[in-house]
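Chemist: Chain by chain, the residues:
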Amino acid sequence: MAKPTAFASETTRRKALLEAVHALYDARQAGDFDEYLSYFAPDARMTVIGNPVLNPQSGLRVGRESIDRYIRQVHDENFYLGHGIDHIIAEGDHVVVRWHMDLRLAQNGREARFDALDYLRIRDNRIVEVTQFYDTGTMALLKGRIRIA
Amino acid sequence: MTYPSFRVLSGTVAVRERLIDLYEARRRGDGDGFALGFAEDGIFHILGDTRLLPETGPRQGRRDIARVIKRCYQQYEYVDALLVDVIVDINLAAVRRQLTLRSRDTGAVGEFDVMDFIRLRDGEIVELTQFMDTASLAIMSGRV
Chain A
1339 MAKPTAFASE TTRRKALLEA VHALYDARQA GDFDEYLSYF APDARMTVIG NPVLNPQSGL
1399 RVGRESIDRY IRQVHDENFY LGHGIDHIIA EGDHVVVRWH MDLRLAQNGR EARFDALDYL
1459 RIRDNRIVEV TQFYDTGTMA LLKGRIRIA
Chain B
7 MTYPSFRVLS GTVAVRERLI DLYEARRRGD GDGFALGFAE DGIFHILGDT RLLPETGPRQ
67 GRRDIARVIK RCYQQYEYVD ALLVDVIVDI NLAAVRRQLT LRSRDTGAVG EFDVMDFIRL
127 RDGEIVELTQ FMDTASLAIM SGRV
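Protein sequences, first through last, are from chains A and B.
Take any residue in the first sequence, note its place counting from 1, add 1338, and you have its number in this note's numbering.
Take any residue in the second sequence, note its place counting from 1, add 6, and you have its number in this note's numbering.
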C-alpha cells in the first residue's frame, strides 16, 4: 500500500503547488499586494534581470518590504490588462513559471504582450528567491529608453 | 575497449543528461550537434526584437537552428558558460546559465544570467525559448 499512498501524496503536493502558483500570480494581477507578499519568506530575494539604466525596475530586492515597494512601483508604471500562466515546471524546491502579461505603459499609453520566465526557489512553503527573465530590449524600446542605431 | 554496462537512463535523468550534452555542444558553437536535440519541426527562439539583435526571433527546423547557433558564435565569443541549473519535469525543462560573452564587433564583455524554457516530445526538443537581458546585449554589440 506504500506505493499508492506515496503517489497520492506526490499528486496532492503537486496539485497544491499549482494552486498556490496560480493564486500568487492572480494576487499580483489583482493588485492584492498583501496577499502576494504572504507567499514570500521575510528574507526573500527578488531579482529582475537587466541594467537599471535601460530598464529602471531591474535589480535585486531583499525582504518583503523591498519587494512590496517594487511591485507597487511597477503597478504605478504599468496597467496590467491581463495575464496567463502558460507552463509550470517543478522539481524539488525549484519551480519555473512561464507566463505572459498584457500591459499598457502609463507614460505613453503603448500596449504590448510580454512573455516572462520566473525562477522560484521554495523553502518551508515560502518563496525565498525569485528571478524574473523577460525581453528587456523590447521593453526598453517601448519605454523609449533605447533607440535603434 | 567497450565494457558492458547495466547503466540505464530513462525519464528525467535521461533528459537532464541529454540537455547537458546539448548545451556543451552549444557552448562549443557546434550548431549541428545542438540542433540534433530538436525534433524535425522543433523551434528555437531567442526572445527579442530583430532590429536590436538579428539573432532573435523564431527558427524552425534543425538546419535553421544550427545556422543561428553558428551565427551567435560568430557574433560572440563564449568566454565562459556555466550551467547553473537544469530543472526537468514531465516533457518540460528549464536551463539556467551564467554566460560571459565578448562581442566580436566591439570587443566589449558582459555577464548574462540566461534562462531557457524547453518543451519536449519523445525526448526531442519541440520548443526552446531563450530569455535574457537583450537590452544590455544590444548595447554591448553596438546596436543602440
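To be clear, the hints were calculated from the coordinates, so they are not data collected in a lab.
Some hints could be false.
[Stated by the list, open to error] Below, a list of computed lysine to aspartate or glutamate pairs in the EDC-like style, where the Cα atoms sit at most 16 Å apart:
#1 A:1353 / B:55
#2 A:1481 / B:36
#3 A:1481 / A:1429
#4 B:76 / B:128
#5 A:1353 / A:1429
#6 A:1481 / A:1415
All figures in this text were calculated on a predicted structure; none of them were measured in a lab.
Chemist: Does each hint fit the structure? Answer for all of them.
Modeler: Verification of the supplied hints:
{"no.": "1", "hint": "A:1353 / B:55", "result": "violated (36 Å)"}
{"no.": "2", "hint": "A:1481 / B:36", "result": "violated (37 Å)"}
{"no.": "3", "hint": "A:1481 / A:1429", "result": "violated (36 Å)"}
{"no.": "4", "hint": "B:76 / B:128", "result": "violated (26 Å)"}
{"no.": "5", "hint": "A:1353 / A:1429", "result": "holds (14 Å)"}
{"no.": "6", "hint": "A:1481 / A:1415", "result": "holds (10 Å)"}
Of the numbered hints stated above, those contradicted by the structure are hints 1, 2, 3 and 4, listed in ascending order.
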